[in-house]
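Visitor: Now for the letters of each chain:
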Amino acid sequence: MFHLILFLFFGAICVAGAVNLLVQSHPINSALSLIAVMASLAAEYLLLGAEFVAAVQVIVYAGAIMVLFVITIMLLNAGKEERTKGSRVAILIGVPGVLIGGVLVAWTLLYRSNTQAVPIGALKGDPHDIARLLFHDFLLPFEVTSVLILIAIMGAVVLASRPEAVARGPRKDAE
Amino acid sequence: MSITTFVIISIIKSVAVLGVLLTAVAYSVWLERKVSAHIQNRWGPTRVGPFGLLQPVADGVKFIFKEDLTQPHVYKPIFIAAPIIALVFAITSISVIPFGNWVDIGPWGTYLQITDLNIGLLVVLGITSMGVYGVALAGWSSNNKYSLLGGLRASAQMVSYEVSLGLSLVGVLIITGSLSLRDIVDAQRHLHWNIFLQPVAFFIYLISAYAETNRTPFDLPEAESELVAGYHTEYSAMKFAMFFMAEYANMVTVACLATLLFFGGWLGPVFGPPILQMILPVLWFCLKVFFFMFLYIWVRWTLPRFRYDQLMAFGWKVLLPLAVANIVVTALIVAWRA
Amino acid sequence: MTQFPATAAEPGQNRTGEDRTLVLNMGPQHPSTHGVLRLVLEIDGETIVRLKPEIGFLHTGIEKTCEAKFYQQVVPLTDRIDYLCPLTNNLAYCLAVEKLLGLEIPPKAQWMRVLMNELTRINSHLVWLGTHAMDLGAMTVFLYCFREREDVLRFFEMVSGQRMMTSYFRIGGLALEPPLGFFEKVKKFADRFPGNVDEYEGLLTGNPIFMMRTKGIARLSAEDAIALGAGGPTLRGSGVDIDLRRDAPYTGYENFKFKVPVRTEGDVFARYLCRVEELRESIGMVQQALAGMPEGPIKADAPKVVLPDREKMKTQMEALIYHFKIVTEGFAVPAGEVYQAIESPRGEMGYYIVSDGTAKPYRVHMRGPSFANLQALAKMCEGGLIADVVAAIGSIDIVLGDVDR
Amino acid sequence: MIPLFYYLLLSGILFVCGVLGFLIKRNIITIFMSIELMLNGVNLSFVAFAAQWHALSGQVFVFFVMVVAAAEAAVGLAIIIAVYRTRETLNVDRVNLLKL
Amino acid sequence: MPLDPPITDIEVLKPHPALARLLEWNVSVVQAAKFDRDELTIWIEKEAIREVCAILRDSADCPFNYLCDLTCVDWYPSEPRFEVVYHLLSIPHKERVRLKARVDGSSPAIESVTSVWPSANFYEREVFDLFGVRFTGHPNLERIMMPDDWEGHPLRKDYPVEGYR
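Residue numbers (the numbering used here), protein chains in the order written: chain A, 6 to 180; chain B, -10 to 327; chain C, 6 to 410; chain D, 87 to 186; chain E, 1203 to 1367.
Some hints could be false.
Stated by the list, open to error - Away from chain C, derived, C-beta distances all over 10 Å, residues of chain B: (1) I1; (2) N30; (3) P66; (4) L284; (5) L292; (6) R294.
Unchecked claim - Here are the simulated distance ranges between beta carbons: (7) C/E316 x B/G38: 51 to 59 Å; (8) B/T59 x C/D246: 51 to 59 Å; (9) E/G1354 x B/R36: 49 to 57 Å; (10) B/W325 x A/I154: 25 to 33 Å.
If you are wondering where the hints come from, they were derived from the structure by calculation, not from laboratory data.
Just so we're clear, the structure is a prediction, and the values are computed from it rather than from any experiment.
Don't be surprised by glycine CBs; every beta carbon is placed ideally from N, CA and C.
All chains, full assembly: derive it from the sequences and hints.
Guide: Here it is in structure tokens:
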């Protein structure tokens, strides 16, 4: 019961944040609501017993990725979103389509809701076990992603630095 | 233990820890003023109470009664939210810090800790990493160029140094094999303090922690000689006080963490009657934390500050490789021993 | 900081293409502009693209005021120009008028002038050192410096009754005899002071962070320094060996032995070292002045120009008449013009006085060393970072009263 | 005991919100954030299924998703900055030409 | 110490390096010279001032490479009303010389020496601000001390002490 209340509480924050992200016109507000979504998702993970995932969610998602977003918004001084007409097709067909799809999925889930309830903390997301899995069974994907992120870092540096700075090489101090 | 007792004890513990933390914050401000004064041939606060001991109260009253300015050009919701965010995250991170061992109070016994998570260290890191938002948003929402530069600097600095801070702790984790702060302390019994096993990691941690808490020589986000007051240029009264408290609360947290991870936490000689045995560990813990606070203040009033690019270069080109090397060496030794 | 929608902010607003720059207004109220200086910075990220000093916030029209005063009434005005070295200003003015008059100053007055002038240099350099270090984040040095500065100000108070606006040097000599016990106190200070300088240097000179912040920062080559009219330690830090105390001695500086510290690097650290070395040389000169202080009168023997002693005025008719005449109608100065330059702590301080033969100066112009040094700032900073601007401002040691006059 | 489909429902809602944001938002940064929202929704179902089937590999997958998201954010935001530098706008409808 | 009478005979003053260099270059630019109280003053044709400065700066045996000061004196009501005064210093030889150029009051203007010494920039702006003498060829001739919308030039002798009201 207690857990259900907690679930509902954080679930409500999640949904509210997600909706707020859509409604707000200023990107910084959207970013903040996304942070709220992520933080409450971390709480949901805790409820599911995935402690480590929850911590990483906060550190990586809320603490690093979203900081990048916020810095970008600050750096570009992004103002209020201007409402251009844009591609009508996306809105006219996409939005109802998505809504219908969402309703369908929900209906299916509710209709075939014979899945068991998830026992809280039944599966401890213990760092020890996760490490064993990550460094034994999933070693290759792990290494591949590490290469991926290295490439991403290099790509980001090249993309974001100015063209002439790249051509010139690192800035030399006087002499 | 029934759920009611649990809730009651938890609430009592939370309130007690919050009270202790806020007092510690207030008195670290007093300590800073006093120590800096003595470093600089001054007296520091002397008027309010004996040795100026009531100065924090006077400061608090002053902050409350100051006019709370909200400039017309600020982005109001975030301008108000930013100091709250900074303070809340700064205070929350103390929740998993253990102050001492098991204590028995009458029929009940408890750990001197609000909650013991087996990923306690990660929680502290996670929560402190959220503290960036307070600073960044304050800088952005003030709609002031100095604030913006301060906010950008702060967020870049904190994100960068978080990397080396996190990596410096990995060595300790490899040795201990646990993320729980209590386990880490327990592993340091018999003077096997991590400072002896992981000296490099300790210094990386110390330096990164200075940068994380924006203290001299890394206080660039609020470098008053360049950016007036950085991200809190436009803040006044209680909103400013919140940033101020957040800074000192972060200092306390970081000092606690240093004590727990490298200096054996509450471990120390314990003797005497039971009541003394209960108090002594807390005393050792407090003394060690006090030492780190003093170190903070000492460094601040001795060193000049870095330049921004030098700071970033130092973080990425010196601390990060050092931390990685430390991890590799530690891992190799541990593997060789095993 | 958006208080001044000046035209200067306009050119930076070109938000087209690659060079999007931001105009940052540093000052007039900013902790590290050392007064009411406004710097319009055009920055690209944190790099300075253009720097433009805007001055005049302290302009009080002293040059105009001088034209309406008697010669002796100008002395207190000169204190207010460079408020960190009031005695240097007094000295420059008095020397200029004495040159116009052709007055001979007795030796004791000259030696006292050197003594007080060097104490003023110490005072000024201490303020510079403290604020410069504080700009770079080292706050403790500031209070150490002000501790010693307090002693120096006490000496000023002893001789003149004022801590800052001393007006101690008068045309033809000094205002008063130094009080009893003055020399002993100065001696004690002079013996102690080198140890204090070691203390400051201990906090800064070898400090790696301080070196990182100052070495190679805000470079100024010797050619640029000369072309931009920089003076004093700013010039000597760039390797130009000039010191007017040695090269064009005035008020008896030829009797003193001192080294002129010169560094060739031309960066902030070189200027810092020059000034710290000057602190040591100055205290050496103070000691020489104390050791060789001659006896004798402190005022020139020129009753028409120099106010008589109080006692004489009350006992001798002639003295009373001269006193009355000097105070009410001043003294006529032969027509002509002089330019008297002396070495102030900041560089060449020149007083250009034109006399038309009456009791009031026809034109007084002060060549402020800070005014000249400020021009070099843009050259030093462009291409550097914002944080370097702070170091550069500190290193040229400007006083806005001297810039704006 | 919370039924699994509660989690799945929540995850679905988040995902749909992400898609909607992707469709209706015009600010390129917000669109990017919508993608992150979708990823988060998916992560939740991963963790929920992991708990359901007592298989930790679901949680491990979340890590990979996070790593990919981090890489994507780094590169994506760098692209956004580069685009903003040449186009002076963050509106996707004005960034529809390959050439300036 | 009685004052020596000023020497105004150019022939006597010839040995001074600055005057010697100028006479050697072009006799006609030197209007007059005066040696008074150990200081040499040379009056220069105002049209030639920039060239004279350049010549003196680059003079081989005694380069006057440092511009100490640049200011102006208002001799209202006599004409030519203004005297622009340049104080030069030779850093290697520690020699000083004062150059003067007379500018008449109707529309005072003189050539700028910023191309010779960049340091003249502020000084010329100051003279422009306070005396209203224009410097042709100055890169940024605007008010420096007074506000941009100030009326009049305060250091002129006909400027009322209390300002225009």
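Visitor: State for each hint whether it applies.
Guide: Verification of the hints:
1. Against chain C, the non-interface label of B/I1 holds: every CB pair exceeds 10 Å, the least being about 42 Å.
2. Against the 10 Å criterion, B/N30 falls within the reach of chain C, whose nearest CB is about 6 Å from its own CB.
3. Consistency note on B/P66: stated as away from chain C, and its beta-carbon is indeed over 10 Å from all of that chain's, at 22 Å minimum.
4. Interface exclusion of B/L284 from chain C stands, the closest Cβ pair being 16 Å apart, more than 10 Å.
5. Non-interface status of B/L292 relative to chain C is broken: a Cβ of that chain comes within 10 Å, the nearest being about 6 Å off.
6. Consistency note on B/R294: stated as away from chain C, yet its beta-carbon is not over 10 Å from all of that chain's, at 3 Å minimum.
7. Roughly 55 Å separates the CB atoms of C/E316 and B/G38, a value that falls within the hinted 51 to 59 Å.
8. Restraint check, B/T59 to C/D246: a C-beta distance of roughly 57 Å satisfies the suggested window 51 to 59 Å.
9. Distance hint for E/G1354 and B/R36: a CB-CB separation of about 53 Å, consistent with the stated range 49 to 57 Å.
10. Between B/W325 and A/I154 the beta carbon distance is about 29 Å. The supplied range of 25 to 33 Å therefore holds.
Comparing the model with each numbered hint stated earlier shows that hints 2, 5, 6 do not hold.
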